[in-house]
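**Q** Let the sequences and hints guide you as you build the complete structure.
For the record, the sequence lines run as chains A and B.
Mapping the first sequence onto this note's numbering, position 295 (from 1) lands on 295, and the numbers just tick up by one.
Mapping the second sequence onto this note's numbering, position 167 (from 1) lands on 167, and the numbers just tick up by one.
No lab work stands behind these hints, which were simulated from the structure alone.
The structure presented is a predicted model; accordingly, all values stated were derived computationally and were not measured.
Possibly wrong hints are sitting among the right ones.
Heads up, the list lumps identical chains together, so a pair's fine if it works in one copy or across two of them.
Straight-line alpha carbon distances no greater than 27 Å define the calculated DSS-like cross-link-like pairs of lysine-lysine that follow [stated by the list, open to error]:
id, residue 1, residue 2
1, Lys190, Lys200
2, Lys190, Lys147
3, Lys210, Lys190
4, Lys213, Lys4
5, Lys346, Lys60
6, Lys4, Lys418
Protein chains: 2
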Amino acid sequence: MQFKLTREFLENLREGISSGDKDVLAEMVNELHAADIAEILDELDLEEAISLYRILPGEKVSDVLVHLEEDVRDRFLESLTAKQIAEKLIGNLESDDAADVLGGLPEEKMEEVISLIRDLEQAKDIVDLLNYEEGTAGALMAKELIKVNENWTVTQCVTEIRRQAEYVDQVYTTYVVDDNNKLLGRISVKALLLSPDTRKISEMYASDIKLVKTSTSEEDVANMTQKYDLVVLPVVDELGRLVGRITVDDVVDVMIEEAERDYQMASGISEDVESTDSIWMLTRARMPWLLIGLMGGVFGAQVIERFEPALAKYAELAFFIPLIAAMGGNVGVQSSAIIVQGLANKSLGVESMFTKLKREFGVALLNGLILGLLILGYVLISNQSRELAFTVSISLVAVIIVAALFGTFVPLVLNRYKIDPALATGPFITTINDILGLLIYFLIGLSIYGFSL
Amino acid sequence: MQFKLTREFLENLREGISSGDKDVLAEMVNELHAADIAEILDELDLEEAISLYRILPGEKVSDVLVHLEEDVRDRFLESLTAKQIAEKLIGNLESDDAADVLGGLPEEKMEEVISLIRDLEQAKDIVDLLNYEEGTAGALMAKELIKVNENWTVTQCVTEIRRQAEYVDQVYTTYVVDDNNKLLGRISVKALLLSPDTRKISEMYASDIKLVKTSTSEEDVANMTQKYDLVVLPVVDELGRLVGRITVDDVVDVMIEEAERDYQMASGISEDVESTDSIWMLTRARMPWLLIGLMGGVFGAQVIERFEPALAKYAELAFFIPLIAAMGGNVGVQSSAIIVQGLANKSLGVESMFTKLKREFGVALLNGLILGLLILGYVLISNQSRELAFTVSISLVAVIIVAALFGTFVPLVLNRYKIDPALATGPFITTINDILGLLIYFLIGLSIYGFSL
Chain A
1 MQFKLTREFL ENLREGISSG DKDVLAEMVN ELHAADIAEI LDELDLEEAI
51 SLYRILPGEK VSDVLVHLEE DVRDRFLESL TAKQIAEKLI GNLESDDAAD
101 VLGGLPEEKM EEVISLIRDL EQAKDIVDLL NYEEGTAGAL MAKELIKVNE
151 NWTVTQCVTE IRRQAEYVDQ VYTTYVVDDN NKLLGRISVK ALLLSPDTRK
201 ISEMYASDIK LVKTSTSEED VANMTQKYDL VVLPVVDELG RLVGRITVDD
251 VVDVMIEEAE RDYQMASGIS EDVESTDSIW MLTRARMPWL LIGLMGGVFG
301 AQVIERFEPA LAKYAELAFF IPLIAAMGGN VGVQSSAIIV QGLANKSLGV
351 ESMFTKLKRE FGVALLNGLI LGLLILGYVL ISNQSRELAF TVSISLVAVI
401 IVAALFGTFV PLVLNRYKID PALATGPFIT TINDILGLLI YFLIGLSIYG
451 FSL
Chain B
1 MQFKLTREFL ENLREGISSG DKDVLAEMVN ELHAADIAEI LDELDLEEAI
51 SLYRILPGEK VSDVLVHLEE DVRDRFLESL TAKQIAEKLI GNLESDDAAD
101 VLGGLPEEKM EEVISLIRDL EQAKDIVDLL NYEEGTAGAL MAKELIKVNE
151 NWTVTQCVTE IRRQAEYVDQ VYTTYVVDDN NKLLGRISVK ALLLSPDTRK
201 ISEMYASDIK LVKTSTSEED VANMTQKYDL VVLPVVDELG RLVGRITVDD
251 VVDVMIEEAE RDYQMASGIS EDVESTDSIW MLTRARMPWL LIGLMGGVFG
301 AQVIERFEPA LAKYAELAFF IPLIAAMGGN VGVQSSAIIV QGLANKSLGV
351 ESMFTKLKRE FGVALLNGLI LGLLILGYVL ISNQSRELAF TVSISLVAVI
401 IVAALFGTFV PLVLNRYKID PALATGPFIT TINDILGLLI YFLIGLSIYG
451 FSL
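**A** Here it is, written out as structure tokens:
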């Protein structure tokens with residue numbers, strides 16, 4: 001039932017493209033969903049993709065375009081003239097998709113395309129949408145929606161919905177507005193179906209409606225959609241007038257993007273990349289965090305160098321350097337990840353930072369004591385010196401507590417200053433905790449071995 | 001507009017609860033959305049929560065219950081008798097929510113509740129749903145949906161939708177079935193609104209419908225929903241008969257859960273915890289990975305111990321132990337994260353594992369050479385020995401390449417054997433790369449310093 005892209009399919013398709021057999025190609029792709037065709041195009045070279053794109057039926061090309069990956073889409077659009085874009089593509093798109101597509105064009109070409117759009121109403125909608133700031137509800141919404149006046153009857157309302165429905169792809173919710181277009185509430189298809197024809201809308205609409213302003217951030221839109229199980233969310237301007245609606249499919253994309261960004265941050269990847277991207281892009285996305293790691297390693301080396309005399313005398317101190325560094329890093333990442341995730345899904349509750357640090361201290365102390373006892377036992381039974389055993393176990397407890405508090409504190413503070421707390425996860429926190437851990441380890445070691453610098 | 005839970009609000013509410021002033025309480029919460037009330041209850045003690053729950057208007061209690069966090073909900077249900085659950089709660093829920101709620105009860109109480117449900121049709125639906133395996137479309141779907149027969153006319157269809165709509169909370173899509181209940185397609189509200197009354201459904205329904213089987217995994221449901229921008233997805237049995245539907249709000253929950261699970265794995269947290277959970281739960285969630293880290297550290301110590309004679313002579317070798325370990329870990333996590341994310345969002349494309357490893361080798365070589373040259377320069381200008389400079393830089397290049405290949409290979413192999421590839425991220429890959437890194441570093445060091453074990 002569901003299409004699954006395979007290597008065989010791609011090979012057959014490539015053969016069809018190079019032999020120029022349009023009928024075979026049409027047969028292979030015409031029945032597919034636009035999203036599947038887009039997936040295929042993402043895998044092809046630009047030239048192959050353009051050949052395939054040319055044979056697609058006219059009504060499908062716009063939909064396929066919307067589903068393409070952004071970089072592939074932009075390259076595609078480069079190969080088309082402004083006239084082709086305006087006439088063959090934009091006309092069939094909803095306003096939000098059209099604005100997305102145009103937003104990827106160079107300024108000049110964008111203006112040319114807009115001037116060539118025949119439907120002036122659509123051109124106006126697109127220009128409106130392009131003006132909203134990226135990352136807000138305004139930039140996410142579409143203009144197409146169905147609305148009725150509170151003073152109408154059910155019959156008038158159904159007639160009007162029928163008329164408006166011709167211009168809207170899918171009827172989600174019918175909004176109720178007053179004479180000034182101020183959003184009052186919504187009326188469900190179910191209510192219309194079950195009510196007598198002459199009843200007035202003002203007597204039957206639901207006013208407990210969730211809405212956002214054009215300036216609401218897309219994160220808040222996503223959180224509301226999830227919390228209240230919404231399928232569509234109306235957007236109003238500062239005066240409460242209905243200006244657009246956001247559907248759940250666009251919100252899902254926002255959620256996925258956010259989750260992926262947090263995940264990549266935690267893994268030390270600084271740009272949105274995929275495993276199929278070029279070597280150069282992948283290197284660029286990873287280099288920043290590796291440089292931070294390298295600098296951290298250099299600082300670590302300087303810390304250890306300060307203790308060289310001790311090391312030269314007691315080489316055994318070096319054995320547990322990786323353990324201390326790794327545990328500090330692990331604990332720090334765990335602590336910061338719980339905070340970052342709590343901030344993202346708003347599950348931190350209302351307790352104060354102090355309460356959180358207190359609980360985190362408890363967790364770290366418990367973890368530290370368990371692990372400290374384990375390592376104390378191990379070092380003692382493995383015939384190492386008692387000095388080493390105490391140095392390792394005591395500094396492990398200390399490092400775990402410091403790393404946990406640090407990992408909790410930093411993302412909370414970043415968040416308070418409106419900096420993305422996800423920055424605190426991954427290599428950043430690991431690196432700092434590495435260095436702190438080494439300092440703690442050697443200082444405790446010196447005092448236990450009775451060695452002075 | 002949107003409710004925001006604050007500490008002041010909670011304090012006022014607690015006062016109202018302890019003073020027993022029901023009117024004040026009712027005024028504070030009755031206008032709120034069920035999801036907001038659930039958020040408040042999640043913050044209260046069980047006793048306070050039960051007092052507040054008691055004054056909620058009857059039609060709201062079920063909705064609030066559905067929005068509670070699972071552990072809070074289960075404790076709540078413990079305080080109610082089977083009769084109360086069956087009569088006051090279950091009756092108002094959709095079948096999927098009812099099955100979720102019942103699934104959290106102990107076996108015996110669950111059976112008692114089911115036997116007490118008055119609406120036999122609902123009881124049957126719930127029992128059906130409870131039988132599907134967790135994590136499949138069957139367990140995710142609800143039974144409530146609107147369907148019409150292909151042989152009906154538009155008028156018959158509208159009448160029937162009106163009748164069925166009374167039992168369904170929200171009309172998403174109307175499905176078209178044949179006489180055997182086999183799913184044929186869907187008909188949109190828009191099409192019904194725009195068609196003449198006597199037209200037959202069989203002439204106008206859309207057959208290009210996306211559907212899943214009851215056995216489809218929830219991951220596949222989520223991927224389909226996102227890819228095809230679906231709002232609702234019909235579910236059929238092995239014979240293609242329509243048995244339920246999955247709405248996007250439930251799919252969103254699945255997506256968020258999956259993303260959070262992957263994120264927690266990458267951060268070394270083994271259970272689904274929140275920062276407000278108890279110290280004991282938080283410790284339990286973190287201990288497994290810390291133990292792995294500890295064992296890794298112990299192996300690392302054994303590796304270094306083997307090289308003690310070299311270290312005793314050249315203590316400077318210890319300086320860069322943290323750098324080598326950290327860089328191996330960082331590169332490994334980066335490589336595995338890109339694969340894990342690609343597997344999750346199906347963006348790996350169709351290329352073979354060999355192609356991936358080849359590209360990863362290229363990325364690692366490029367990263368390694370850049371970082372290796374940087375560290376070579378640093379060590380040389382910081383007045384360290386040339387032996388140390390070459391040992392650090394050469395082993396850094398080697399470690400980066402090994403860690404990258406390992407980080408790519410492991411999740412791909414895990415995935416091939418149907419093990420969650422996210423296991424390969426976080427502390428696991430870091431720990432193994434730490435040890436490999438140390439081995440490489442010291443072996444290269446020995447050969448450069450001309451020292452033998």
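**Q** Does each hint hold? Answer for all of them.
**A** Now for the hints, and whether the structure bears them out:
no. : hint              : verdict
1   : Lys190 <-> Lys200 : both (15 Å within a copy, 22 Å between copies)
2   : Lys190 <-> Lys147 : both (16 Å within a copy, 14 Å between copies)
3   : Lys210 <-> Lys190 : both (19 Å within a copy, 24 Å between copies)
4   : Lys213 <-> Lys4   : between (40 Å within a copy, 16 Å between copies)
5   : Lys346 <-> Lys60  : between (40 Å within a copy, 23 Å between copies)
6   : Lys4 <-> Lys418   : between (42 Å within a copy, 18 Å between copies)
Every hint, counting from the list given before, is met by this structure.
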